[in-house]
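If you read the protein sequences in the order shown, they are chains H and A.
1 is the number of the first residue of the first sequence in the numbering used here; add one for each residue after it.
1 is the number of the first residue of the second sequence in the numbering used here; add one for each residue after it.
Hints are supplied without guarantee of correctness; some may be wrong.
For identical chains, the list gives no copy identity; a pair is met inside one copy or between any two copies.
[Stated by the list, open to error] Computed cross-link-like contacts, DSS-like style, restricted to lysine-lysine with a CA-CA straight-line distance of at most 25 Å:
#1 K134 <-> K304
#2 K181 <-> K193
#3 K285 <-> K580
#4 K548 <-> K441
#5 K188 <-> K570
#6 K507 <-> K164
#7 K181 <-> K570
#8 K304 <-> K130
#9 K134 <-> K147
#10 K304 <-> K147
#11 K287 <-> K130
#12 K116 <-> K354
#13 K552 <-> K507
Simulated from the structure, these hints should not be mistaken for lab results.
There are 2 protein chains.
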Amino acid sequence: MSPKITTELLKQLRQVMKSPKYVQEPIQAYIVPSGDAHQSEYMAPCDCRRAFISGFDGSAGTAIVTDQHAAMWTDGRYFLQAAHQMDNNWTLMRMGLKDTPTQEDWLVSVLPEGSKVGVDPFIIPDDQWKNMSKALRSAGHNLVPVKENLIDTIWTDCPQRPCKPLIPLDLSYTGVSWRDKIVALRSKMAERKVLWFVVTALDEVAWLFNLRGSDVEYNPVFFAYAVIGMNTIRLFIDGDRMMEPAVREHLQLDSTLEPEFKIHVMPYGSILSELQAIGAGLSPKEKVWLSDKASYALTEAIPKAYRYLTLYTPICIAKAVKNVAETEGMRRAHIKDAVALCELFNWLEKEVPKGTVTEIIAADKAEEFRSQQKDFVELSFATISSTGPNGAIIHYTPVPETNRTLSVNEIYLLDSGAQYKDGTTDVTRTMHFGTPSAYEKECFTYVLKGHIAVSAAIFPNGTKGHLLDSFARSALWDCGLDYLHGTGHGVGSFLNVHEGPCGISYKTFADEPLEAGMIVSDEPGYYEDGSFGIRIENVVLVIPAETKYNFKNRGSLTFEPLTLVPIQTKMIDVNLLTQKECNWVNSYHQKCREVIGAELERQGRHEALQWLIRETEPLIKVQ
Amino acid sequence: MSPKITTELLKQLRQVMKSPKYVQEPIQAYIVPSGDAHQSEYMAPCDCRRAFISGFDGSAGTAIVTDQHAAMWTDGRYFLQAAHQMDNNWTLMRMGLKDTPTQEDWLVSVLPEGSKVGVDPFIIPDDQWKNMSKALRSAGHNLVPVKENLIDTIWTDCPQRPCKPLIPLDLSYTGVSWRDKIVALRSKMAERKVLWFVVTALDEVAWLFNLRGSDVEYNPVFFAYAVIGMNTIRLFIDGDRMMEPAVREHLQLDSTLEPEFKIHVMPYGSILSELQAIGAGLSPKEKVWLSDKASYALTEAIPKAYRYLTLYTPICIAKAVKNVAETEGMRRAHIKDAVALCELFNWLEKEVPKGTVTEIIAADKAEEFRSQQKDFVELSFATISSTGPNGAIIHYTPVPETNRTLSVNEIYLLDSGAQYKDGTTDVTRTMHFGTPSAYEKECFTYVLKGHIAVSAAIFPNGTKGHLLDSFARSALWDCGLDYLHGTGHGVGSFLNVHEGPCGISYKTFADEPLEAGMIVSDEPGYYEDGSFGIRIENVVLVIPAETKYNFKNRGSLTFEPLTLVPIQTKMIDVNLLTQKECNWVNSYHQKCREVIGAELERQGRHEALQWLIRETEPLIKVQ
C-alpha cells in the first residue's frame, strides 16, 4: 500500500480551523479521535474521519493537526501499518514506547501560549475530554468544542450514514426477553437511586432490545440511542426500518402494553434536545446515569449535579455474562466455525504448494466455507490473512498492493471470525505448509506455552483478567521475547467481537472481575518485523474449576476453549513443552476430533474429517 | 490481647465533635486516618491517634466515628488483629472483600442529609482529601478541615514529639553527597519547569541530606521538612540536634558555601507559614512541586494554579535505584543478618524441644544475635515471631497476653529485620522443629514455588512489578489457595523497610517500572485462620538478565536474592517441585553455604556453621 497524500487536505483543514464560519475564534490544533458518537471501535464509512484525513485506517489511533504539525498516536499493533499508510506530513507517535509523548504533553510542547484546541464534542468521550481539558488548562491552553465536525466540512464525498433493516432475535437466541432486561436494568437504577439511564453504546442498545442490525460492517449493530426512565422507554432511531412488521411485533409497538413497557420511537438526531429537556426538568437528587465514555456533548446535556457516571454501565456488565441460551449458541457457532476452518486448512494444504493461493484468495475461501454454515450472517472482523513478513503487521488485512502468495517456505497466520445468528467467533491459527525452521518452531512453542498457561490457569473467583496477562508472556520473557499487544478481549454473543468490561491485558486495570459465563479470547503471539508473525487464539468460556482446597470459600474459575480447531503440531517443538503442556495439547486435540469430527461427519465433509484426524494425532514427548 | 474499652473515649470524641471550641459548626463524622503529617507508615507514639481511639495498632487502618457508629477499615493482613484489639463499639470493615463498603459509600449510607465530615488537614494526604471530598459533596455532604486535632484534645497523656540526635552518613555508605543529590534534584526541577520542591516524606528528607535519625521506631528518620529552591535550601527541623559539630560539618553549616548550597535551618513548625509566603510570592508560570501524598494543609498553602503535583517525587524515584555503594552495603547487611539468623535457628533447634522458648524469647534472641553484628542500629520493624495459630495473624507481634511457647508440634514463622548502618534487612522463614504434617509441607511447597517463580522470573526492562504478582500465586491458585496480601515491597538502604515507588502487588498499578538497582521483597505466604501461617521472604535486587534473544533491544531483568538464609528443606515436599525449582533451591543453598559459611567461619561461629551446612544439603528429586 502506498501512503495517502494529505498535503492538500491538511491545508484545507488548517483553513477551516481559522474560519469564522466554523469556529468562534481560530483554533491552533484540532483533534480527530478514532470513534463515532457512540465510541464504537468499528465504524461506518461516514465516521472514518481519522482515516480520511491521514490515510491510516487501523482500528485505534488519534490524529492531531496543528498549524505546523500533524501527528498520529497509535499502539504497537499498528506501528508498521500506520508508517506505511501515512505520508511525510505525519509524525507517528508510538504509544507504549518510553520516549513517546502523550497527546497532552506533545500539544503543550508545540502550541504557542494560550492556544485553543478544538474537537467534535460528539466524538470525544467525556472522560477523555476531562483529562485533556485539565492538562491543557494547566498549561494555559483551552480545549473547545467545535460544533460542526471540521473533517466533514472538507470531506466532499463523505458517504451517507447507513440505515439498514433490523433483525429481531427470539428467546432461543437471547435467553432473556427485552422486557426482562428492562426490568433488570430498572432494578439496578433503583439500587443506585437514578431515574434515567442513557444507552449510548450501539451494542448495548442492540443487546437491550434483542435486535441486531448491519449499519456497521462486522458488528451487527444499528445507529440508535435509548433513554430508559423508571416508567418510560425512548428509542432514538432513524429510517423506515421501524415500520417492518417483524420489528413492530418484536418490540410490541402496536400492542396495548403497560405504559412502562411502551417504547417511544424518536428520531436519532433528537437525542441531544431530549436529553437537554430531561436535564432541565430534574429536581434535586434526581440523577441520570451515563457511561463516562458517553460523548462530551451528551454528558454536558445533563447538569453536572444530576449526572451519575460510571466506567461500565449495568448493561455492559450484564451483557458480558452469557446465559445458557447464549453459551449454547456460542458453542454451536464455534463448532460450525471449526468445520469451515478444517475445510479451509485441508484445502490450503493441497493448494498452497501449487503457488496459486494468495492471502486474499485464502481469506475469501475462509469466508466461502463459513458462509456455507447455518445462520451465517457476516464476518466478525476483517480477516487477517498474512504470510511471511505480513504476519508481523499485527492487524494486517490483505489488499491488492500487499497481497502475498502463500508458499511452503513461509509461516501463514490466519486470524478470522464470523457472526452467526447464534454466536460470534474469533480464531487465529498459524500454519506452515512446508518445513518450519527450528527457530520458527521454537517461537511458536513459546507462544503455545503462553496460550496454555492462560487457558489452563486456575484462579480465584473475583480475579480480574489483567492478573493473568503475564502467564501468557512468561515463556517468551524467559528467552527475552515478548509481544506488544494484550492477551485477550471480551467477545459478544452475535455482537461485537471486542467487548468490555473484561479482558486479559497488562494495559487494563479497570476491568471487571472474571466470572463464570464470561467469554474472552486467549491470544498471545510473537512477531518479528520483516519476517513472520505467530499468534494462537482461542475463544474461551469462564467456568467454575474444581480444586483440591477452597480458600475462604471463594471458589475457583478456569477456562474452557469454545474454539475447537487443531493447533498445527508440525510447528511444535515437543522438547520445549512440559508433560503437563503436552497433555493439554493432546486432550484439546482429542476434543476437537470428537466434537468437530462428529459435525464434519454429519455434514458429509469426509476429506476435511480425514485432515482433522491427521492433525489431531497425539504428541509424544520423549522423556 | 484483650480489646481496648473505648466507650468513654468515643463519648468524649463525640462531645468535641460538637464543641464550638474546636469546630465552627458541629461535625457529624470525624475521620482518624493512620498517618502523621508526613504520611509515614510507622509513627511516633504521639502520632498513633487511630490506635489511641480504637485500640487497633496495626500499621494500616482508618477510623471513622459518627454520632452513632465507629468503624475501622483495614486490609487482609490485619483482619484478625483488629478484631482482637477492638471492642464492640467498633465495626471492622474488611477491605478487599466484596461486600465491604468504601469509606465514602459507608459515610453516605449512615450520615443524615447535609452532614459535615471533619478531618485534620495535616494528617490527610491531598489526593485522599480530593477523592473523599468529591464523593461526599456529590452526596450532599461536606468534608471540612478541623484545625486542632480532635483526638489530641481528648488524649490527656499524649507523649511528646521525639527529637533525637542525627547520624550523618558519609560517602562510603551513600555513594553520593547531599550536594550532588541537590544538583540532581534541581535538574529534575528544571526539566519540569518548577521553581520549588517541597520534601514532605521523612525518608526523603533523610535520604536527600544523607542524615539518619531515630525519632520513629524502626525507621531511621527524623521529623523535618525541606523546601528546595533553585538557589536556596531550607530545612525545617527542631531541637538542638543541629548544634552537634558532626552534623554541622556534614551539612557544612559553618562553611563559606556558594549561596545555592547554603542550608537555612528553620523551626519545624514554620513550614506552613513559609510555604504560604512562597505561595503568595509566585508569579504566573512559577510552580511548586509537591507529592500528591503531601498533606492537604501544605498543598493548600500553594494556590492551585501554582501547584505541580506528582504521585512519586523525583527523590522517591532516585532513592529506589540503589547505587554501587548502597548495593554493596545492602549485601554486607544481609550477610551479617544471615549470620544472626543461623545462630538463632541453631539455638532454636536445641532449645525449642525443651519447651522453654516463647515467641517473645525467640524474638528477643533474634535481636540479641543481630545486635552482635557490626553497625547494627535497631530492628527495621517489630519482629513477627509467631507459632501455630498466631502465624495466621499476618502482621502479628507477640505480646504477653498472646505469647505462645514454641513446640515441636507447630509451625513457627519469623518475619524480622534490622537496620545496619550499611543497609536494611527483612526476612521471613517458616520452620518446623518436629515433624511437619503432609498438609503443612504441601502448603509450604506451594508458597516456595511462588517464591521461586518471582525470584527466578525473567522479564523485560520497563516491566512494572505488579505484573509479576500472579507468578507468586499460581501454584496456590491451582489448588484453590491464596493469600490476602501483596507479594513484595520496595526496601530502603538504611531507611524505611517499606518504600515506594516499586513493589509486587495485585493492588498497585501506579508502581514505577522495575529497573536494575531497585530492591524489593519477595514474600508469598499461606495462612489458615486458627492453625498456622507460612511465609517465605527474601529481599531481592533487580539485576540485568542474560537471555537467548533480545526483543526490540529492550533488555531483560531478573532478581538476585540478597537474603541468604536457608529455607527449611524439612518443610519441602520435593515431589511437588519441578526439576528447575529443585535446582533453584539447591543453587540458592549452595550460595548460602559459600557466602554465609565464610562469614560464620570468619566470626568463629562454628556451631552455627555446622547448622548451616546441615540445612543446605542439596534436595534430591527422584525422577
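So, going through the hints one by one against the coordinates:
Both within a single protomer and between protomers do K134 and K304 lie at most 25 Å apart by alpha-carbon distance, with minima of 16 Å and 13 Å respectively. Only within a single protomer do K181 and K193 lie at most 25 Å apart by alpha-carbon distance; the minimum there is 18 Å, versus 54 Å between protomers. Taking the shortest Cα distances, K285 and K580 never come within 25 Å of each other, neither inside one copy (57 Å) nor across copies (61 Å). Taking the shortest Cα distances, K548 and K441 sit within 25 Å of each other only across copies (15 Å), while inside one copy they are farther apart (35 Å).
Taking the closest pair of Cα atoms, K188 and K570 never come within 25 Å of each other, the shortest separation being 51 Å inside a single copy and 54 Å across copies. With identical chains, the CA atoms of K507 and K164 are never at most 25 Å apart, being 36 Å at best within one copy and 46 Å at best between copies. With identical chains, the CA atoms of K181 and K570 are never at most 25 Å apart, being 48 Å at best within one copy and 58 Å at best between copies. In this homomeric assembly, K304 and K130 come within 25 Å of each other (Cα to Cα) both inside a single copy, at 13 Å, and across copies, at 17 Å.
Within a single copy, K134 and K147 get their C-alpha atoms as close as 20 Å, which meets the 25 Å cut-off; across copies the closest is 30 Å, which misses it. In this assembly of identical chains, K304 and K147 lie within 25 Å of each other by CA distance solely inside one copy; the values are 20 Å within and 31 Å between copies. In this assembly of identical chains, K287 and K130 lie within 25 Å of each other by CA distance both inside one copy and across copies; the values are 20 Å within and 22 Å between. Taking identical chains as interchangeable, the C-alpha atoms of K116 and K354 are never at most 25 Å apart, the minima being 59 Å within one chain and 80 Å between chains.
In this assembly of identical chains, the alpha carbons of K552 and K507 lie at most 25 Å apart only when taken from different copies (19 Å versus 29 Å within one copy).
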